[in-house]
Each structure stands twice: as C-alpha cells, then as structure tokens.
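Make a model of the complete structure from these sequences and hints.
There are 4 protein chains.
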Amino acid sequence: MTDPRYDFRSDNTGGVAAELLTALVEAAHGTAAPYGDDAWTARMVERCSDVFERKVKAFPVSSGTGANAVALSVLANGFGSIYCHESSHIEIHEAGAPEFYTGAKLVLLKGHDYKIAASALDSALQSAGIGERGRVLPFAVSVTQPTDYGTVYTLEELSAIAAVARRYGLRLHMDGARFANALAALGCSPADMTWRSGVDILSLGATKNGAINAEAVITFDDTLATELPYRMKRGGLVLSKARFVSAQIERYLADDLWLARARRANESARALAARLRAIGVGIDVPVHINMVFARLPEPAVVALERRGFLFYRVERDIRLVCRHDQDVASIDALVDAVRDAIAAG
Amino acid sequence: MTDPRYDFRSDNTGGVAAELLTALVEAAHGTAAPYGDDAWTARMVERCSDVFERKVKAFPVSSGTGANAVALSVLANGFGSIYCHESSHIEIHEAGAPEFYTGAKLVLLKGHDYKIAASALDSALQSAGIGERGRVLPFAVSVTQPTDYGTVYTLEELSAIAAVARRYGLRLHMDGARFANALAALGCSPADMTWRSGVDILSLGATKNGAINAEAVITFDDTLATELPYRMKRGGLVLSKARFVSAQIERYLADDLWLARARRANESARALAARLRAIGVGIDVPVHINMVFARLPEPAVVALERRGFLFYRVERDIRLVCRHDQDVASIDALVDAVRDAIAAG
Amino acid sequence: MTDPRYDFRSDNTGGVAAELLTALVEAAHGTAAPYGDDAWTARMVERCSDVFERKVKAFPVSSGTGANAVALSVLANGFGSIYCHESSHIEIHEAGAPEFYTGAKLVLLKGHDYKIAASALDSALQSAGIGERGRVLPFAVSVTQPTDYGTVYTLEELSAIAAVARRYGLRLHMDGARFANALAALGCSPADMTWRSGVDILSLGATKNGAINAEAVITFDDTLATELPYRMKRGGLVLSKARFVSAQIERYLADDLWLARARRANESARALAARLRAIGVGIDVPVHINMVFARLPEPAVVALERRGFLFYRVERDIRLVCRHDQDVASIDALVDAVRDAIAAG
Amino acid sequence: MTDPRYDFRSDNTGGVAAELLTALVEAAHGTAAPYGDDAWTARMVERCSDVFERKVKAFPVSSGTGANAVALSVLANGFGSIYCHESSHIEIHEAGAPEFYTGAKLVLLKGHDYKIAASALDSALQSAGIGERGRVLPFAVSVTQPTDYGTVYTLEELSAIAAVARRYGLRLHMDGARFANALAALGCSPADMTWRSGVDILSLGATKNGAINAEAVITFDDTLATELPYRMKRGGLVLSKARFVSAQIERYLADDLWLARARRANESARALAARLRAIGVGIDVPVHINMVFARLPEPAVVALERRGFLFYRVERDIRLVCRHDQDVASIDALVDAVRDAIAAG
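Chains as they are written, first to last, in this note's numbering: chain A, 1 to 345; chain B, 1001 to 1345; chain C, 2001 to 2345; chain D, 3001 to 3345.
Simulated from the structure, these hints should not be mistaken for lab results.
Just so we're clear, the structure is a prediction, and the values are computed from it rather than from any experiment.
Below, in silico cross-link-like pairs of lysine to aspartate or glutamate (DMTMM-like), each with a Cα-Cα straight-line distance of 20 Å or less: (1) A:Lys55 <-> A:Asp255; (2) C:Lys2057 <-> A:Glu132; (3) B:Lys1057 <-> D:Glu3132.
Covered by chain B, according to a simulated footprint, are these stretches of chain A (three or more residues, beta-carbon under 8 Å): (4) 7 to 18; (5) 23 to 30; (6) 88 to 101; (7) 208 to 216; (8) 222 to 235.
No residue lacks a Cβ here, since even glycine has one placed at the ideal position from N, Cα and C.
Following this line, the structure appears as structure tokens:
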C-alpha cells in the first residue's frame, strides 16, 4: 500500500472522513425503500434546501461524471451546444459522457487561468450563427468551479457569465466536484456561489473531500428536475440503495466540517506553494485551492519519483494535490525532498 | 422507520451484511489510486477468476441497470437487436437504459415461467429476416437468472439457449442481479451457470444480497473487455473511489457466506410459500428462490396493508420477497396475518 | 431490365408520373436558395395548407424512413415510448431508425387486420406503469395508414385511437407512405383522415404513387415544427436542392391526379383479388388498397416465379402489389398464369 | 425568381446539368428493384470502380451531410474522436450530424488556409492522452477537399496527413462535396487524390456541380462497407428509388464533363478574382477553386446588395461563388458593379 504521506496524486485517492463513514454505517440498519424513496434521501434534500437557502431538488449519484452528464442532459438537446472552457473536466476527462447524455456539441472557449471570461462567451455566442441553417443551437454554459487547475471564479465573474448566458437564453451548469474548496476559498455562502450568481443546476461533489462515491445533482429551478429521474435511470445512475449516498451528503452538509476539511486542504496547498516558491520553485498557476502546479527541472522530478512521491505530470509541471486529510508532516517531507532534488540536480 | 419484520417489498430494501460493511470500512484507510487502478480492485478481479475457475476481467459498478446496459453495449450495435423475455428487467425496469447504451432494439420473447425457451428463440431468429433490408441485425440474447419472477433457468435450459445463440452468431448476456439466489437454488458452480453454459458476459449483483450498491460486470471473453472501460466512463459508471465497491465484491465472493445468505433467503421464501399453501393461498409462480407470488382476495390484501405489511402488488398477485437478513419470526407474523385476513374476509 | 407487366413486387419499383417528372424538370432552370428556402418549397407548403384545409408546416424529405423517424423525434424523448402495431413499418422495416432519432422504445401492440385497436392501446397504457420508477414514459402513438398489409383504418378507428392517446397525453403520428391509397379507399378528405381525426404529425409519401424520392413531413401543430429543421439537418435529411422534392409534392397535390392514380392502383388490386378468388385462390387479408395477399400452393408459386413474375413471399402468402401505372393486361397475364400454375400443380 | 446572373450565393443554387437531367429522365421508365438493388446502382458502382482505378463499393445518397455523417459512423465509435479543421463543414454546417451518427467528439485543429497541417495533427494526437482514463480515443481524421473556403490540399499534404493518421491507427475520411473542383485544380486523377493519398472513405458530391441531390459514399476498404447499408437505413438515408441518384452519379462520372464543368467554375472564379484585384479589391483567401473571398468597404457591399447581387457575408468578407453554369457576362456585370460601388463609396 502507498504511504499516504507521499501521495500527492489527487484528492480522490484519500481516505474517508470519519463522520461520513459513521453516517454510512448508521444507514446500514433496518430496511428502506430503494431508489431514493427513503428517509435518508428526503433528509438530504431538506439539508440541501437549508444549506442553499431555498427549496431545491437534489438527487444522489455515485459519480461526478454521471452527475455532470445527467445535469447537462436536462439543459441541452441533441442539436444543441454547451459552452465550456477548453480545459474543463467535462471536455477532457469524461470520455464523451456529456455528449452521450445530451447529444450536444461542447464548444470550447479559451480563457485566462483556465476560466471562461464573460466577454469571450459573449463573442463566441455572437458568432455562433444562432438560428442559421446547419449551426447547432447554444443551450447551456458549464463552469467548473473550481477549475481542474485549481483556480476559482469570483462571484463577479460567475454573475457576468450568467448575465451573458441569460441574454442568449442559455442555462448555467456548475461542475462543483470540488465545490467546498471553492467555497472555502471565496468565503461566501453556497447560495451566493450558485443560484444567486445565476447557476441553474449544480453537480455537487463530496467524494474528493472525504466521501465514498457521493455526489448530488441539485436543481435551482424545479422544472429542470422533472426529467432528471428518468434520465438518471436511463443512464444507470439511479442507485438501488441510494440511502448510502444520501446519508453521506446529508451529513456532509450538516455542519461546517465540510468547509473545515476543504479549508485545511487549501491551506496545505498554499503553505506548500509558499515554501516551494521560497526555495526558488516556479508555481505556474495561482493557488486558490488545494492544488499546486510546480515547475521543476526534469532531474528533480525524477528524483522525487524515485523517492516514492506520487503525483501527476501535467504538461511541463508536476501537479501536487493536498487532501482533506493531508498530514502536515507530509508537506515538510515533500519540501525537503524538492530542496534536495534541486540541490542534487 | 419501517419495521424490517413487516417489510417484504424487495431484497434491495435490506440491511448490509456485516462482513461487507467491515470490508468497506477497512478500505477507508490510506490512499489508493482512483477509478479502479487500486489494489482492492485487483484483488477483486483475482477473486472473480478464482470463483469462476478461469481468468476473467471484472469491473466494479454501483448499479445493476448500469451493469446490464454497459455489458450489453459491447455486444450489440445501434442497428442491432437483443433478444430477451418480455418480462425481463432490462425491458421493464430500466427506463430504456439498454437501448441508450447500445442503440439496439430489444426483441421480446414470450415463454413459460418468465423464461426464454431455446425453441422460441430459434423460431424468432428464423423469422428475423437476418440480412434483409430494413431489419435490425440480431446481436445478443440476454437471460435474467433468476428471472424477475423468481424462476431459475436450469443448466440445460441455459445451454440450449446458448447453442441457438451461437448458431446465429449471437452473444449471451446474463443479468445476474440475484445470481447467488439462482446458484443456491441450482446447487451448481458459478462456472457451470455462466461460461460453461455459454454465457459471454455477466452482470453480477451483490446489492440485493447484502452489499451497498456493489455490482460487477464480468467478461468470459477478453475481447469484450477492451471497450468496457471507455463505455463505462462515457456512461458515468466509473467510480472515483472504486475500491469501495471492489472491496465488497471481493469479500462477497471470498467464502460461502454469499451462498449461505442466498440460501437462507430462498429457504425463507419456500417456507413461506408452503405455509401459505397450507392455509389455502394460491401461489402463482414456482418458488425457486426468495420470492412468493401469492393470490389473495382483495379484502385480505387490504387488511395486510392496514396491519403495516409492506409488499408490492404485481398484476393479480402480491409479491413477497424474503431478504438475506429475513427474520424467521417475520414469516410467522406474516402467515398469521394472512390467516387472520382471510378468515376476516 | 424487368418487364413491368410481370412486376408485382411493390409500388416503389414503378415509373414516374408524367406530371411529376415535368414539375421536376421545370424546377431545373434558374437558381434558387438551397435547403428549402426556395419558392417551390414555399408553394408546396401553401399547397399542403390548401389540401389539408388549414395552415400547416411542411418539410420536404427524400425518404419515408427519414420522414417517419424525424417526425417521431419531435414527439418522443429518449426515456420514452411510442406505441405502434407489431407489424408496422417503423418496427419491421426501418432498421431501428425511429429509435435512433428518438431514443425511445417502440411498444408493440397486436391487433386484427394489422391495425391497432383503441381498446388495446388503452389497456396497454393502463398497464404501462406511467410514472413508476424504471418504466419508460409513453409519448406517442404511430399508426400506419394504410398498414403494410394494405388494410385501412376507418375514420372512427382513427378517432378512437386519438381519443385514447389524448387521454394519456400522447401525440399521434401517421405514417402515410401510401396516404393517397387510403384516401382513395375511404373517399374522405385529407383533413378528415388526419387532424380532424386527431393526427398531430404526418409522413406523407408520394414516392410509391409516382414520385421520385419525394415525401413530406407535415405538422398540424406548429409547436411540433420548431425543432424539425434542426433534427432533420442533424439526421442528414435536409436537401441541398430541396426544390426538386418540393416541386413534385406541390404538383402531386395540385389536382386530383394523385387520387386518380391511387384509385387505379386500388382498383387493379381489387380486380385481381376478385379474379383470383373466382379461381379458388385464398385471399388472406382484406383488400382495401393496392395489395393482395394470396395463398397459393407452393408448386404454383414456383411456377409463377419460373414464368418471370416478380413478387415477394410474406409468410405463407405471396404479396402482389399493383402500381399506379399498372397495365390492365398485366392483371390478365397474372391471373392466367395463376390458373395455369394451379392446374399444373 | 432570382436572376441567375446576379446570384453568387453558392454552387448549390445552380441549375441542373443537361446530361444529368437526361440520365434521370431515362431512369424513369420501367420498373426497378428499390433501395439500390437496381441496375443503375450496379452500373454506378462499376463506373466508380473504373474512375477510381480499383474495385470500390459505392452507395447513393441524397445529401452531403448524410454522406459525411454515415461515412464517419463506420470509422468512429461513441467513445472516440474525429480530428478535423475548425472551419470544416462537418463542424460548422451540419448541426451535429457527425456526432449524431458516430457519438464521437470532433476535435478541432487550427491550420493555415483552412487546412489541417500534418504536423498539427501529429502534435494534437501526441497530447491526446491515448489510452488515458477519461480521454476519448482518436479514431479518424476528416479532411474537406476542397475546404469550405475554397482552398485545396496538395497530394503531398494529403499523404502527410494520412501518414500521421496511420501511425496512430486512425482512418482517413474525405469530405468531397466539391471533389471535382479540387480535382480540376490539382489536375490529378481521382485515385491520386483519394486512396493513393491514403483516403479510406469518400463523400463524393455531385449536387454542387450540376446534379439533383446526388452524392455517393465510396469506400476504398471493403471492410468499411459492411455496416454502411444498415447505418444508412437507420439514418433514413436509403432511397426507395435509389436509381435516380445512381443514374446521375453514373452519368456524372462517365466522361470528362464533370471536370469540364468544375474547370469552368474554377476559371470563372479565378478570372473574377484577378479582375477584382486589378481594381484594388483585397482577396483574402487563395483562390484555388470556384470561390472568391473579397474584402470590400461596407458601403460598397451595401451598394451591391441594392443592385440585386446575391452573396453571403463571411466574417469581414463577401463570398462570391461561381457555378458550373456561370454566365461569363455575369462576371462582367459583377466586376462593373463593384467598380461603381467602390467609386461611389
């Protein structure tokens, strides 16, 4: 087994948050209606309504890709398009799931810090030939908050995107696989970062922040919820014993632990970045959450790998992700190893 | 919360088998590669190979519908067809998931005791106009073992179906959502009931027999496994922390507990059926596994419902399902209540 | 080349009606906007509105399968179902095109004379488990008028089906590949046989009655027309030089020639059937339009084939189709040959 | 009706080549098997084999979008990707038809003169993460020859692209909607421009060069032809009276008239460009075939529009397309009008 202290691959390699494991174990007793008709799911939906400060519908699923794909499927038709950043998870890491569920085309936007700019969206839509023969019809925008590169949209940026979207009649989806990390970074409320900023539907991830395959699709517009159960079922995303996901999500949102864990992961990354910078390592992407993209000389990277550190190479960088359960000592160990590796290089 | 002793709705309402919960909890420590590249999944695949007495590939998923749909997607093309019984789960209870994943048409066969007869398959294929313009091409047969009505194909029946399928160049899928119950009923080996009978790909369910959303797609022909990871990912079926499903499946198959639990559920149902028959209740479908389809006068059904018993009505019958964790006392209570209800009627 | 007098295969083997060829040739001069933005298409839509006695939208396409599939695609969603007769063209002869375009499941109904009965539709919908988990949602009914076996729904039958459909919130599609033949048989108006009977969308075929690959999708509810151009384009059904289809359809409906041709084909078939019956041949299906299903001893069938007669075998019958340009002498020749064949047998 | 002399909108607004109309009219006599089983289609396939100097399979269709989409559908799977230029017709003008038929993602490449460069394809494929989890699998490259901007790939460019494609196991599709124009421009043989350059499957268009909705899908690898009839049928692309397309394609390729017509259109455009340049008009794209992208001051554009000239605006340019039946006088008229418009401006 891997030594967790040497593991900076991703936040989905991590262990399980104690309170979520407890919630899951507690749900294991007694019988319950299957497929989400259970009391845990009902409580989860209530909890979501509380946390998001309005009545929402919420659906438990076990994969983030499934959550994104099915959420998009109620926004876009087969002859349509969905606008997203060219680096977004739905484009790069989901093997075409969004296209499979929607039939729509993903239109890729460039943008600084891996984020869509409202102005870029606007000019893309302006030249989309809406209504022209042969052009697909724009139906939705999807933002990844935070992005796969760990950058976070400000509330102003989100609102500006939503305003452009609304102007063209598009709906707004948020891929919140690391929702808590963005929330912790912005210090705003869940409502602020979603419907108050114009988000219509959210994929809320808990897995990367300590849960066991637990995500939720949350709609801020009830009309979007009507087809969701059918589309989820048709995708094989409805869980027989949904209560085991719902129990986790409910507990996840029940107090501030989710934010505390996200904050800790974010702070670990910021500390790591600061210390790496201090020893002369280039950090290529702003560190808003729990990810550090560090530029190291190739021999240093190889040296780290030989020492047993685990991480992914992303283009010219190495990506270092801090988990909710990251040990402080592991940061020390990594920084020391980087210093040695550079010195040796 | 429902009183489990009064709950005869389904085996997916049940609690979790202690050893599976333990396996899941044990997997919660340390870090592991995501998406099935972990040690638990590797051990699960080995365990499957052991249990099925040949090298197999096995893929953890969290829903039976997902397992079926993606398994079928490597057998059938969009211009093709899949033969199944008109009562099969893939036709009635999956909201079109098999069609979504395959693009193919389900061709429905009638057949005694909710089972396909080899001869019916043969004559359907004979009149399928294979190669004729405009006709879809038959690609696969899917058997539900046991069926959704609790009947079990004998090994001879399976082999006969497989022989017909092979003659026409079709592959054979088995929906084994209650695989253990069928195995316990037949008293044969997993190998006998699958590849030795001609099955090419299996959806192995553990959820209805005590697991938490844990199923596996198992291929007995490696060429079928090549596309599976891509098709799973595209369907949103790949789990970020796959180890929590794999750990359960591994443990599930590790000793005879899975069969013991299935046997117990089957025996509960057989006892229930015998005692109902003894008090004059008609049992409409042979009781091979853990389900009893009982014909009761309407007032008796209503009386049972009023007493708090939970079950589904299926056409003219009530369906009573015994779980792996069924309390013997609950059978007594139910039989007593039925007797009272009939007497009162 | 085949001798047309010996050709009873189908009405789509036939030649081209003189006036339609003229219309097509006349459209060949000058330039015109592509993709249906031309004057011929505008005139065709007007003509359809005239003929159907209300403002309609109409879209030229070149294949009946394309017309059916795209018409259904605006009625049914991917998690839905479409009810049709088990013998219908959309089920048997379109290689899954309706499923490809809609994603929906075709639910097959049995019914006398190859027609759906309103009562059968009603009881199928009653047991469709509408709203139940896992069941597909019924969205539409499709009637083939006339059926592929040449039987014709009466106006009462159509209205009864439409009433049931409406009661369950379903829309009604009519596959009118041989629309003119049914119209000639019923002697009613196009409006009576469509929207006045509750039809929402029609695939109107002209190809089998003398046109060159010319069909139209006609909507009697404008909201159904909004998505059609996009869905047609996405299916590759929009024609670059649409005017060559539109010009034919416009001319086709411009006077009573389309009905005259259909009437002639129908009468040829009725005469053929009467004369065959007179010499003792069993006619298995009521002859409403231009098709005769005749039961002949196998040696007689082989003898006819040897003599050069062309026809298809359909189950135990031979199918004899009379074309719009059927030569009366060819009926004589066929009847003589049958008489000889039987005598020789 | 539009004055053809003022119509520079596109080559699909044009009239019909006399010999093709004759071929179509001649096919209108007698009966023939439907769906492509006729003698005309057989002769068309032979003609294609002749012209392409090897045995090919060829399938008549009536739309270029349909031809492209179905051709791609035998190259790429739903979890795959197809590489093309960001300006390609399949991306911009087909409303998602390629995605609908294949399920695959179009990956857009930039490239000078609207053409893919082999090197750009190579580096895109290098960073495609082939085999990585979550990435779609590259299956095919599609080149538009000539491009939608009228530029033509040289044989060397095509071969270089094919070599890269082959290195990664990708197949090569050519969208030849204006195939004859490219052929005329290069002065090479059809074989040189296709299979000898590594093309596996071709959409051959005749509509823009004088035919009535007549295109062919041609395979240079028989294994690609197996599924085509099924996939065409499922898309509603199989024509009931296919002979009317086949007869045109056969005649189209029968002598050098197709090249003569393309040459004439190309020469008209080159003359137009030269004369516009001579009066100071900027031509923004190399004029390889029958299209001129001219940069005019806005008042001049408006003046031309007021004079009744028809053309499309494409970004900052106006696009002027010369047809196979372009009148020389119309070039004079246009150049004069431009000169006046500029002077007036």
